[in-house]
Amino acid sequence: MANKTVMIPLEVSAADIRTRLASFKTSADVEQGQLFSRGALSTTAGESEVYAIATPATATLSVLYMAYSPESVIVEAANGNQYKVGDMDPRSFTNVADLVFTGFKPAVDDKILITADGFTGAWVSGNTHAVAADGQSKLVWASGVAGGLSFELEATSYISIGLSFGSQRVTAYQLRCVKLV
Amino acid sequence: MNKMPISVMNFTAGNEIREKAYAQMAAYVAAYNEGKKNVMGEDGEVSFSKANETVLKFYKSEIEFMSGKKMSDYPLDVYCNFADVKQAAFAIIGMITDLIIPDALIKDIGMISAIKNIGFGDSFKIDIQPRDLFIVSKGSRGKRSYDAKRQFKGTYTLIPEPRNITVAIPLYSILSGDYSIAEFVMKAVQSIEVNVRYDIYDAFDTAMAALATTGDALLKIVGFSQDTALGLQQKVSAWNGNKEAVFLGTKIALGKILPASTNFRFDLGSEYVKVGHLRDYFGVSCIELQNVADYRTEFKMKLKDTVLYVVSPAADKIVKVVFEGSTLANAGGNYDNANLQVETTLSKSYAVGVLTGAIGGYITL
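Protein chains in written order, with our numbering: chain A, 1 to 181; chain B, 1 to 365.
The set of hints was computed from the structure by calculation and includes no laboratory data. We put the CB at the ideal spot given by N, CA and C, even for glycine. It is possible that some hints are incorrect.
As the list claims (entries may be wrong) - Simulated crosslink set (DSS-like; lysine-lysine; CA at most 30 Å straight-line): (1) 111/A - 149/B; (2) 235/B - 125/B; (3) 179/A - 149/B; (4) 138/A - 153/B.
What the hints assert, rightly or not - To give an idea of the chain B side of the interface with chain A (calculated C-beta under 10 Å), a few residues: (5) 123; (6) 131; (7) 132; (8) 355.
This is chain B alone, in the form it adopts within the complex (with noise of 0.2 Å):
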């Protein structure tokens, strides 16, 4: 991890034990969900299992730095109902949710999109750059000046609504041990982070869907065909000031990307059959965006197999997603509803929108 969430460093108050810990604890995070066996930790690779143990130890800790009491000081269930220590586990849910979202978001779609937070009660704003340069005329010989050229920024803004979930289990549950509170705020720790990731993919989307399918202006185009994907790839790193373009896609989006010749693909060899796609055609690099679940709706998809998207990652990101201040972490006691229920909120404010000054290219298959 290179950066850290403002609200993470004001959480830590720069206290860099605290920071590295707290980074540590997003990397075996971001390993579990990742299946990893094995992690990086501070002192080289080391076991899962050893993760998970250091990772307890440091929550533990922290616990105890924020609330002032030591856990070998109390029985656990005492310990655990104290207001303080409550407040502080679930701040540090909080604080580490807040590393956790942004992280895995950079890694998977970090291609399409750019991270920004601000601090409550902002709003983000972004200056936009023409990509025009003037034009040039020929003038004659005797005149000090000659039309006045100019152009302009432009200027857009995001503000962010919060998003909020809350969990609950009937008290009897947690003492019964048939559920605990803490895996369903995983659970909803998840959701935000999966919310987030629908959010920009149909911002993308959308966007990119929009594009000019006629004229000079053309970047959309219906059906793969060599030369139309490569000269939208030109066009795309050309108009964005240089910058290699390169063609994204699900696995079976990139599947279709074939040299027109048949006679060229005994030279695919079994990096297509091994990859399932190209990573480089003519040249240009072929990046896998990994479909994941729509859970809005069962067993469907949320990428589309039929687009290939064309952007230049050099470039300004298309998509912005903006964090307000931290995740609030709200947790409710035992005794607080009449009904006996345990109740936990997790509220996260953020805005997705497609400022850019880049340009991108859509490609239906």
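Isolated chain A (complex conformation) (with noise of 0.2 Å):
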């Protein structure tokens, strides 16, 4: 099975400023990290702050959300029975289908730390920035900015994770956020 994207924010602007964040619900998982704009707001009642999601087009791309909530992973059987088994390992996590999750609004300046995971491709030399795409749900590498939010490569790095006997670093890229319109 493959592994899930793995983020963390360095410093973002949500951090701070409690708009840039808002309670999401879809009927598909969802990364972290993964892009999509905002939908309509939830008509089901008990849900008044929750919104649906939408695939990022071309006329969305400077108004995208990132996935990111804390890593509690579910595992579901196949009747469709759900269960906190205590996972820690965050590459299992993704935000669960029909369950609210939260999601932040990147900013120009704003920090991520994410694994390969999250890109729609590998990373080949030239690949200066990573930008939201249409009909793209993880960003797209690329040799420079888009027409929308694009993220600036800073560094090649690594998160840790417990992993057993070996390597416990996964690669990961950490970018800032260049450009939005």
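Join the two chains into one complex using the hints; note that each chain is given alone, in its own frame.
Below you can see the structure in the form of structure tokens.
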């Protein structure tokens, strides 16, 4: 089973500004760092502050959110029963479908650290930026800024995870938001 | 014995006398396996024949306790054919198996493996802490906070699977006195113990042999030299939180550990000749892993004589062995089978895996 994206917001404006955060819910799993635009406000009773999400489109590339919740892994049985079994590995975590999760709206100069699973493809030489793209829920590597949310690659780093017997450093990319519009 | 498996504790229902007796029984069996003439008993050292007598007496009294039938009230052949007596006898064998197997494994390969016990139906879960520290940066004075540093635990699980063995003897062979089911059952217990041991060695060696061979991550080196071996030992110690690493290997492998300069060798004295290897090499302990027969191929030995392992025993043990519940011993009656074959089945559920935050080193000689 493929690993899920691990993301650490190093310094983000959403840590200080509550309006850059919102609650979302959708019918599919959403990985950490996944991009989406804010959809319609839920009409379900008891969800008056919860929004639907929409896949990034050309018109929404400058108003995107990123998923980020505390890594509390939920395991689902074939019959749909869900359990929190104490799996601490953040690569097992995803924001499970039909449960409310948090998203934050990146701002220029926000810094994040995100593993390779948070991109549509592998990094190659010359990829200096990671950008949002039409129809893509994950960041796309690029050689420059694009027409919407764009991050600059500041450093190739790592995230420490307690892995068994061997390296415990999972490659991660330190990105700084340089453009929204 | 410091610790008893939970299954044995449950079996003895908190009765201290019975617990002690089981522990003593396991100690006697271990002494027998090691070929000792004297055994440390409750009241000091006793001869093996005395220990044997004590074990038999306890075994009988335990059967009487569990079955509720006194041996002296019946002729022996009648007594032995009571279903509850048989069930009690094999339940006790199951408990002894649960005592003997972990005890033998801890003594022999406790350097590389840790034994865990879980109940029937449970899974084993371990959380591993990252060994990394946070990287510190300079920062200006006019800023309230800096990049948020985080790290995560890892989680691993093991699900035990049953290993089963059925031994069978024709009833006629038992009646004629050619064979007894007891000797076959004893061998079955040993076979399970050896199987666990093989699984531990295999998991350990496979993981160690797959270590990185290049760059800063280098933990596997080809060819022994004083500098590379000591360098690897330093690295393993340092990255295991300064827990002293030791050299592990068979007698032959350890015998290859010698100072580079032959000028030092005059000082090795008789220790090298008597023991077969140095006990300490430039301050690093050299510990022997006793080689064992690999019964899967006749006359083959299990451990490699061409490999030295570098591990920190005080850090987390590299291999985890998980036993699920107790050993199940299922003894059939003399007339259960149409072909008059008497069978006993032992079932032990366990799992072995390399689950650790520690690292190790591997030197091929």
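Starting from residue 138/A, check that the Cα of residue 153/B is at most 30 Å away, please. Since the Cα atoms of residue 138/A and residue 153/B sit roughly 25 Å apart, the hinted pair holds (cutoff 30 Å).
Discussion item. Hint residue 355/B vs chain A: min CB-CB distance below 10 Å?
Written reply: Status holds, d = 5 Å.
| query | Hey, residue 111/A versus residue 149/B, does the alpha-carbon distance stay inside 30 Å? | reply | Given pair residue 111/A, residue 149/B holds - Cα atoms ~12 Å apart, limit 30 Å.
- Starting from residue 179/A, check that the Cα of residue 149/B is at most 30 Å away, please. Since the Cα atoms of residue 179/A and residue 149/B sit roughly 24 Å apart, the hinted pair holds (cutoff 30 Å).
Interface hint for residue 131/B, Cβ within 10 Å of any Cβ on chain A:
holds (6 Å)
Has the given pair, residue 235/B with residue 125/B, been kept, meaning a C-alpha gap of at most 30 Å?
holds (28 Å)
Under 10 Å is the threshold here; is the Cβ of residue 132/B close enough to any Cβ of chain A for the hint to stand? Where the cut-off is 10 Å and the nearest Cβ of chain A is about 4 Å from residue 132/B, the hint holds.
Checklist entry - Close enough to count: is the Cβ of residue 123/B nearer than 10 Å to one in chain A? => result holds (9 Å)
Of the numbered hints given earlier, the model fails none.
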